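Listed below are the residues making up each chain.
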Amino acid sequence: MIDDKGLRSDGRRPDELRSIKLQVGVLHNANGSAYIEQGKNKIIAGVYGPREIHPKHLIISDRAAIRCRYRMAPFSTDERKHPAPSRREIEISKVIREALEPSVLSEYYPRTVIDIFIEALQCDGGTRCASIVAASLALADAGIPLKELVSSCSVGKVKGHVIVDLYDLEDKYGEADLPIALMPNHNLVTLIQMDGKLSKEEFDKAFNMALEACRKIRNLQNDALKRKYKLESDTEKPKDSKEEVK
Amino acid sequence: MTILAQKKQLVIPGELVAQGEYDPDLNVYKDGENIYSTMIGLFEYRGSRISVVPLKHCYFPFVDDIIIGKITDVGMSGWSVDINSPYSAMLPVTEFGARQNYPRRRETTQSLRVGDLVKAKIIAFDRSRDPLLSARDRELGKITRGRMIKITPSKIPRLIGKEGSMINMLKKESACSLSVGQNGIVLVTCNSPKNEEVVVELIKMIEHEAHTQGLTDRVSEVINRKLRGVKTGKA
Chain A
1 MIDDKGLRSD
11 GRRPDELRSI
21 KLQVGVLHNA
31 NGSAYIEQGK
41 NKIIAGVYGP
51 REIHPKHLII
61 SDRAAIRCRY
71 RMAPFSTDER
81 KHPAPSRREI
91 EISKVIREAL
101 EPSVLSEYYP
111 RTVIDIFIEA
121 LQCDGGTRCA
131 SIVAASLALA
141 DAGIPLKELV
151 SSCSVGKVKG
161 HVIVDLYDLE
171 DKYGEADLPI
181 ALMPNHNLVT
191 LIQMDGKLSK
201 EEFDKAFNMA
211 LEACRKIRNL
221 QNDALKRKYK
231 LESDTEKPKD
241 SKEEVK
Chain B
1 MTILAQKKQL
11 VIPGELVAQG
21 EYDPDLNVYK
31 DGENIYSTMI
41 GLFEYRGSRI
51 SVVPLKHCYF
61 PFVDDIIIGK
71 ITDVGMSGWS
81 VDINSPYSAM
91 LPVTEFGARQ
101 NYPRRRETTQ
111 SLRVGDLVKA
121 KIIAFDRSRD
131 PLLSARDREL
141 GKITRGRMIK
151 ITPSKIPRLI
161 GKEGSMINML
171 KKESACSLSV
181 GQNGIVLVTC
191 NSPKNEEVVV
201 ELIKMIEHEA
211 HTQGLTDRVS
221 EVINRKLRGV
231 KTGKA
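Protein chains in written order, with the numbering used here: chain A, 1 to 246; chain B, 1 to 235.
Source of the hints: derived by calculation from the structure; they are not laboratory data.
Check before you lean on any hint, since a few could be wrong.
[Unchecked claim] The list that follows gives simulated cross-link-like pairs (lysine to aspartate or glutamate, DMTMM-like), each with its CA atoms no further than 20 Å apart:
| # | chain 1 | residue 1 | chain 2 | residue 2 |
| --- | --- | --- | --- | --- |
| 1 | A | LYS21 | A | GLU119 |
| 2 | A | LYS159 | A | GLU201 |
| 3 | A | LYS172 | A | GLU16 |
| 4 | B | LYS172 | B | GLU201 |
| 5 | A | LYS172 | A | GLU91 |
| 6 | A | LYS147 | B | ASP23 |
| 7 | B | LYS30 | A | GLU107 |
| 8 | A | LYS230 | B | GLU209 |
| 9 | A | LYS56 | B | ASP73 |
| 10 | B | LYS150 | B | GLU197 |
| 11 | A | LYS226 | B | GLU209 |
| 12 | B | LYS226 | B | GLU201 |
| 13 | B | LYS30 | A | GLU101 |
| 14 | A | LYS56 | B | ASP126 |
| 15 | A | LYS147 | B | ASP25 |
[What the hints assert, rightly or not] From the structure, some residues in chain B lie toward chain A, with a derived Cβ separation under 7 Å:
| # | residue |
| --- | --- |
| 16 | LEU10 |
| 17 | PRO13 |
| 18 | THR38 |
| 19 | ILE40 |
| 20 | LEU55 |
| 21 | LYS56 |
| 22 | HIS57 |
| 23 | PRO86 |
| 24 | ARG127 |
As the structure is a computational prediction, the values presented were derived from the model and not from experiment.
Built from N, CA and C at the ideal position, the CB exists for glycine as well.
Construct the complete structure from the given sequences, taking the supplied hints into account.
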């Protein structure tokens, strides 16, 4: 999994992220949406709300409820995934919701609900982290007040090397996987899970690498948001000048 | 005491906009010394008040707002109204029309049906119950004709302009009647379909360019070109 030069099986250095492409505002019917491509991962997140909550017994009287559904498309993996929600998808839905909840100022809209839908179209490891990155952008795009965006990345261990942003093979054959979500301004970790074993030194090293990676991803998120809204506020200027030429 | 963004600069959630003894106003929050934005929007400050004008948000009801809503349900004692916000409003029969006494069900279904539009005022809203509407004022009540346009509620102040400058100009120049709901719904009623088209186009333009400078001048220029042309054509 790691060659003599210290490169990984897909040619990356241990601290190198996969290439990430982010796009905000991809769905027309959602209030906010975002698309992420991280290596071979392809994920769409859509946010609806704040809106009236049904069924009514889910009302929280002093803040908005947040519902999250993570779903893998049947064609997203090598072996066809059965379309029914699996144990894994239910778990990931829950941890994503809990990773995003601290960033949302939900007390601004009491008795409402914010629905987050995440569709994983193509999966290649680390989808829960990529989903958090996209869902956080979609929340901001929906005009929901946030303390800040949530950034997320996984770290792990393969053949004794601590590496960042594991893909499917490394996840399967590696010794440990440690997904982390972070609110960098607040220095708040909103998600941390570990699968496998790490020594204390390895854990510290991995954790610091994850923080570094999250900050990198945060910059990409900021750029993606600004790109969309800059475009929106710039487009009318050339259009306007064109009209004047007529 | 530093302000870290310029006026009308695009900011995003979590962006540090100011540090020091400032008062956080709308859509910003203070964490120790630092003031952060909570929305995608344009940075504003006046004196020591720091705020962000959102580019996109949903309407949050306030008492005394005039809104335009759509009837979604007819009940025994009133109507449910969709007011383009996360909360659906209630319009009791006693707050509709001139009648003081309690009417029968037949009357609730006769005066307003599902799908009808009403202009109403929010008379009560306290976050723990749905907003309450009243349509008993002169200018309020059922809307019978016109064209409805939805814009982002945060752009409504720009459409109205300073002391109504923008909206009055539109009304005067187009000879249309315009009623603006604080919930982002605008009703345009015109006698001439051509003027109506132009007004709709102008409202969209104002929504799009709300943050740019010299917008009033550009709007009046479009009016001159499109509406005055129409007028002379008629004469």
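Evaluation of the provided hints:
1. LYS21(A) / GLU119(A): holds, 16 Å
2. LYS159(A) / GLU201(A): holds, 16 Å
3. LYS172(A) / GLU16(A): holds, 19 Å
4. LYS172(B) / GLU201(B): holds, 16 Å
5. LYS172(A) / GLU91(A): holds, 18 Å
6. LYS147(A) / ASP23(B): holds, 17 Å
7. LYS30(B) / GLU107(A): Holds, because 16 Å separates the two Cα atoms, which is no more than 20 Å.
8. LYS230(A) / GLU209(B): holds, 12 Å
9. LYS56(A) / ASP73(B): This hinted pair holds, its Cα atoms lying about 17 Å apart.
10. LYS150(B) / GLU197(B): holds, 15 Å
11. LYS226(A) / GLU209(B): Roughly 17 Å separates the two Cα atoms, so the pair holds.
12. LYS226(B) / GLU201(B): holds, 11 Å
13. LYS30(B) / GLU101(A): Holds, because 19 Å separates the two Cα atoms, which is no more than 20 Å.
14. LYS56(A) / ASP126(B): holds, 19 Å
15. LYS147(A) / ASP25(B): holds, 15 Å
16. LEU10: With Cβ-Cβ at 6 Å, under 7 Å, it holds.
17. PRO13: holds, 4 Å
18. THR38: holds, 4 Å
19. ILE40: Holds, about 6 Å.
20. LEU55: Result: holds, 6 Å to nearest chain A Cβ.
21. LYS56: Since chain A brings a Cβ to about 4 Å from LYS56(B), closer than 7 Å, the hint holds.
22. HIS57: holds, 4 Å
23. PRO86: holds, 4 Å
24. ARG127: Because about 5 Å separates ARG127(B) from the closest Cβ in chain A, which is inside the 7 Å limit, the hint holds.
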